[in-house]
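Student: Spelled out from the first residue to the last, the chains are:
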Amino acid sequence: MSEDIGHAPRRVIMDAAGVQRALVRIAHEIVERNRGVDGLGIVGIRSRGDFLARRLQSLIERLEGAQVPYGAMDITLYRDDIHRGADHPLVQITEIPWEVDGRTVLLVDDVLFTGRTVRAALDALMDFGRPVAIQLAVLVDRGHRELPIRADYVGKNLPTQRTENVEVRLSESEGVDEVAIRPDWPNANAAGRGGRVPEPAGRGRAQGS
Amino acid sequence: MLFQRPHLLGLEGLTADELTFLLDTAESFKEVSEREIKKVPALRGRTVVNLFFEPSTRTRISFEIAAKRLSADTVSLSTQASSASKGETLADTARNLAAMRPDAIVVRHPSSGAPDLLARHVDCPIINAGDGAHEHPTQALLDLLTIREHKGRIEGLTVAIVGDLLHSRVGRSNLHGLRTMGARVRFVGPPTLVSPHFAELGAELVHDLHEGVRDADVIMMLRIQRERMTGRYFSSLNEYSRLYCLSADAVAKAKEDVIILHPGPMNRGVEISSTVADGPYSVIMDQVTNGVAVRMATLFVLVGRRRSGKDKDEASDAEESGAMEQPEAVLLRRAATGE
Numbered sequence: 001m002s003e004d005i006g007h008a009p010r011r012v013i014m015d016a017a018g019v020q021r022a023l024v025r026i027a028h029e030i031v032e033r034n035r036g037v038d039g040l041g042i043v044g045i046r047s048r049g050d051f052l053a054r055r056l057q058s059l060i061e062r063l064e065g066a067q068v069p070y071g072a073m074d075i076t077l078y079r080d081d082i083h084r085g086a087d088h089p090l091v092q093i094t095e096i097p098w099e100v101d102g103r104t105v106l107l108v109d110d111v112l113f114t115g116r117t118v119r120a121a122l123d124a125l126m127d128f129g130r131p132v133a134i135q136l137a138v139l140v141d142r143g144h145r146e147l148p149i150r151a152d153y154v155g156k157n158l159p160t161q162r163t164e165n166v167e168v169r170l171s172e173s174e175g176v177d178e179v180a181i182r183p184d185w186p187n188a189n190a191a192g193r194g195g196r197v198p199e200p201a202g203r204g205r206a207q208g209s
Numbered sequence: 001m002l003f004q005r006p007h008l009l010g011l012e013g014l015t016a017d018e019l020t021f022l023l024d025t026a027e028s029f030k031e032v033s034e035r036e037i038k039k040v041p042a043l044r045g046r047t048v049v050n051l052f053f054e055p056s057t058r059t060r061i062s063f064e065i066a067a068k069r070l071s072a073d074t075v076s077l078s079t080q081a082s083s084a085s086k087g088e089t090l091a092d093t094a095r096n097l098a099a100m101r102p103d104a105i106v107v108r109h110p111s112s113g114a115p116d117l118l119a120r121h122v123d124c125p126i127i128n129a130g131d132g133a134h135e136h137p138t139q140a141l142l143d144l145l146t147i148r149e150h151k152g153r154i155e156g157l158t159v160a161i162v163g164d165l166l167h168s169r170v171g172r173s174n175l176h177g178l179r180t181m182g183a184r185v186r187f188v189g190p191p192t193l194v195s196p197h198f199a200e201l202g203a204e205l206v207h208d209l210h211e212g213v214r215d216a217d218v219i220m221m222l223r224i225q226r227e228r229m230t231g232r233y234f235s236s237l238n239e240y241s242r243l244y245c246l247s248a249d250a251v252a253k254a255k256e257d258v259i260i261l262h263p264g265p266m267n268r269g270v271e272i273s274s275t276v277a278d279g280p281y282s283v284i285m286d287q288v289t290n291g292v293a294v295r296m297a298t299l300f301v302l303v304g305r306r307r308s309g310k311d312k313d314e315a316s317d318a319e320e321s322g323a324m325e326q327p328e329a330v331l332l333r334r335a336a337t338g339e
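Chains A and B, in that order, are what the protein sequence lines are. So that you can map any letter, position 29 of the first sequence is 29 in the numbering used here, and since no number is skipped, the others follow by simple counting. So that you can map any letter, position 141 of the second sequence is 141 in the numbering used here, and since no number is skipped, the others follow by simple counting.
Hints listed in this document are in silico derivations from the structure and should not be mistaken for laboratory results. As the structure is a computational prediction, the values presented were derived from the model and not from experiment. Backbone N, C-alpha and C fix where the C-beta goes; we use that ideal spot for every residue, glycine too. Some hints could be false.
Some residues of chain B that are not near chain A, with every Cβ distance over 12 Å (derived) [said to hold, decoys possible]:
1) Glu31
2) Ser76
3) Val303
Rough simulated footprint, nothing fancy, chain B against chain A, three-plus residues with beta-carbon under 8 Å [said to hold, decoys possible]:
4) 69-79
5) 122-130
Next up, chain A with everything else stripped away, as it sits in the complex (with noise of 0.2 Å):
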């Protein structure tokens, strides 16, 4: 994760107490569409995802003293860009050890953008069964997306500009829960095809998509 840059100025949209609070609503608003957590499992998008997953387990837990399967998912197997970069980040395991089959599953990711990731969790999703429903909840819709798809449960709606980067941090791997807006890519200009905003290297999928 890079540092502040000194000619980008950063907005933050949420704190902790934001994050945590949003979190809150969404583990709450989950139990009662659902009418209880009977048959749901949670799977976190790596990386991050996994991170707001766990935390959605745990206040699920609280609420309705029983705990919910988790399970992560790395899909950069299943990405429509992977030939796009020079290379790419280290692939990370995959875990769902439970069956998916007959259960509802509700996906969490931190940003939502293109829908382009959700579309390829959705397929990876597919590979390990047929679940009865997927949801999908994200801590932040940004909009702009290239692909038919929108989230269940959004802890935030954030009205941005396309060549705007969203910046999660999470306590988890950052050591501090934030949410903010950097106005510009460093390079976007140089780097950009087709308007769409590129992924630098090192950024991971902080971005979101």
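Given the coordinates of chain A, assemble chain B onto it according to the supplied hints.
Tutor: Chain B alone, transformed into the frame defined by chain A:
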């Protein structure tokens, strides 16, 4: 922490970071083989050619399964079916294959250096699946992965590699990989099969089996490669097995939690006794399972990153990153794309 090289020709010269990246990637791929649907779309539309100029069952099938689990199309050629039997040179075979635009070529050849030659004539990634007595990098990677899984680390371990080291590409690749990762490596065998030159590569040389496996964390047995032996390296197979066959007695000299590896195919009763091969210390089947994961990782890392010269936009990227590309290959590609 990325693997930037265009080919995998050997483990010699790879850094510990590069090896670790390949092993970590392989570890993630293991899970795919445990799914009900053992397939991911990562290399959809890619073509992997398996070019085997030497008999192989395990390695060829392992590469084929790995490619298929990544959704790549595979074509396998073996010596009998290829035009090598009609007198075509390796370079010509390579040029012809390159003109069909595969996305990777996996090659096994009886001559050391054949994959390097191929890499100079084609512009797609070459993966060495064993060349002469030189290297067999994916075998050593799967050995490293198996060791790391069982021991939790590689650094600081003592690894005894026993047998026909002179003719063994597995031994050489393991020596490079293990030394880079910080293990101690002992080469154990009769002086005719353990050349003093191996000491220059960082191996300790031991000629007595019991001495060689003493306090070892890992014992790796190698096959006696009779098909490669041109002279007499020991007076009889019987004598060899009396001195170097890994028996329960010998295993008792190693550490209590020793693991035993063998790259296969095994000659039971020659270099390894059945009691040991099927015993509790043997991790030979884990090696086979890990072989698929390591080959998936290798194919994914080498093939999954760029579409070399397939469309104009990316052709320039490919030229920048393909610094190792030879002028002939560029000319060939230009000829093929009509530039």
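Student: Among the hints numbered above, which are violated by the structure, and what are their numbers in rising order?
Tutor: Those not satisfied are hints 1 and 3.
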